[in-house]
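Residue numbers for the sequence shown follow the working numbering, beginning at 1 and rising by one.
Treat the hints with caution; some may be incorrect.
Label-pair distances were calculated between CB atoms; the ranges are [stated by the list, open to error]: (1) Ala91 - Ala34: 15 to 25 angstroms; (2) Leu109 - Glu130: 11 to 21 angstroms; (3) Asp86 - Lys46: 16 to 26 angstroms; (4) Ser108 - Ala78: 31 to 41 angstroms; (5) Glu130 - Asp86: 15 to 25 angstroms; (6) Val104 - Lys29: 26 to 36 angstroms; (7) Gln26 - Asn59: 36 to 46 angstroms; (8) Val89 - Gln26: 13 to 23 angstroms; (9) Asp143 - Thr107: 33 to 43 angstroms; (10) Asp112 - Asp143: 18 to 28 angstroms; (11) Ile141 - Thr42: 16 to 26 angstroms; (12) Asp86 - Gln26: 36 to 46 angstroms; (13) Lys74 - Thr102: 17 to 27 angstroms; (14) Thr42 - Lys83: 42 to 52 angstroms.
Simulated from the structure, these hints should not be mistaken for laboratory data.
Just so it is clear, CB atoms sit at the ideal spot from N, CA and C, and this is done for glycine as well.
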Amino acid sequence: MVKTLTLSLALLAAAFTANAAESTSQVIKRQAPAGITAGFYTCVDKAGSDTGALGTCLNGEKAKQDARLNTAYKALTAKLSGKPKDNLVAAERTWLQLQKDTSVFETSLYPDDTVADLQVAQSEVFRLAERANALEHYVTIADNL
1 MVKTLTLSLA LLAAAFTANA AESTSQVIKR QAPAGITAGF YTCVDKAGSD TGALGTCLNG
61 EKAKQDARLN TAYKALTAKL SGKPKDNLVA AERTWLQLQK DTSVFETSLY PDDTVADLQV
121 AQSEVFRLAE RANALEHYVT IADNL
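Use the sequences and the hints to build the structure in full.
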């Protein structure tokens with residue numbers, strides 16, 4: 001059902017393979033959306049297989065992506081009025097509920113709490129980045145109206 005467990009598999013590979021051809025961050029980067037910071041990848045490589053440190057990396061990146069999303073949302077709402085603005089607000093509320101529901105669902109998929117926590121956190125970071133990307137794109141469109 002779940003195609004990959006990116007972070008958990010990367011952790012296992014890093015833990016059991018001393019001379020791995022790819023770093024954990026390279027594995028993650030292949031599947032990550034645009035907008036994930038270089039600092040996140042550096043943090044992941046420094047963390048190695050330390051799940052606590054990986055959690056710290058994910059939490060830091062989550063804060064950065066959330067700030068990015070909020071900045072884009074504020075910029076977009078400032079450019080819109082009337083029905084388009086109302087539609088954006090409704091879409092954002094729906095998106096927020098979807099994120100909550102998706103996290104609950106994903107948590108239920110993984111039998112191991114540590115793997116679940118890391119995988120769900122990574123998925124959330126990726127979804128925040130994807131939404132920030134979309135809102136930044138909409139800001140560009142609104143600039144050209």
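The hints, checked one at a time:
no.	hint	verdict
1	Ala91 - Ala34: 15 to 25 angstroms	21 angstroms, holds
2	Leu109 - Glu130: 11 to 21 angstroms	20 angstroms, holds
3	Asp86 - Lys46: 16 to 26 angstroms	45 angstroms, violated
4	Ser108 - Ala78: 31 to 41 angstroms	38 angstroms, holds
5	Glu130 - Asp86: 15 to 25 angstroms	23 angstroms, holds
6	Val104 - Lys29: 26 to 36 angstroms	27 angstroms, holds
7	Gln26 - Asn59: 36 to 46 angstroms	21 angstroms, violated
8	Val89 - Gln26: 13 to 23 angstroms	39 angstroms, violated
9	Asp143 - Thr107: 33 to 43 angstroms	39 angstroms, holds
10	Asp112 - Asp143: 18 to 28 angstroms	46 angstroms, violated
11	Ile141 - Thr42: 16 to 26 angstroms	33 angstroms, violated
12	Asp86 - Gln26: 36 to 46 angstroms	43 angstroms, holds
13	Lys74 - Thr102: 17 to 27 angstroms	24 angstroms, holds
14	Thr42 - Lys83: 42 to 52 angstroms	44 angstroms, holds
Hint violations for this structure: numbers 3, 7, 8, 10, 11, all remaining hints satisfied.
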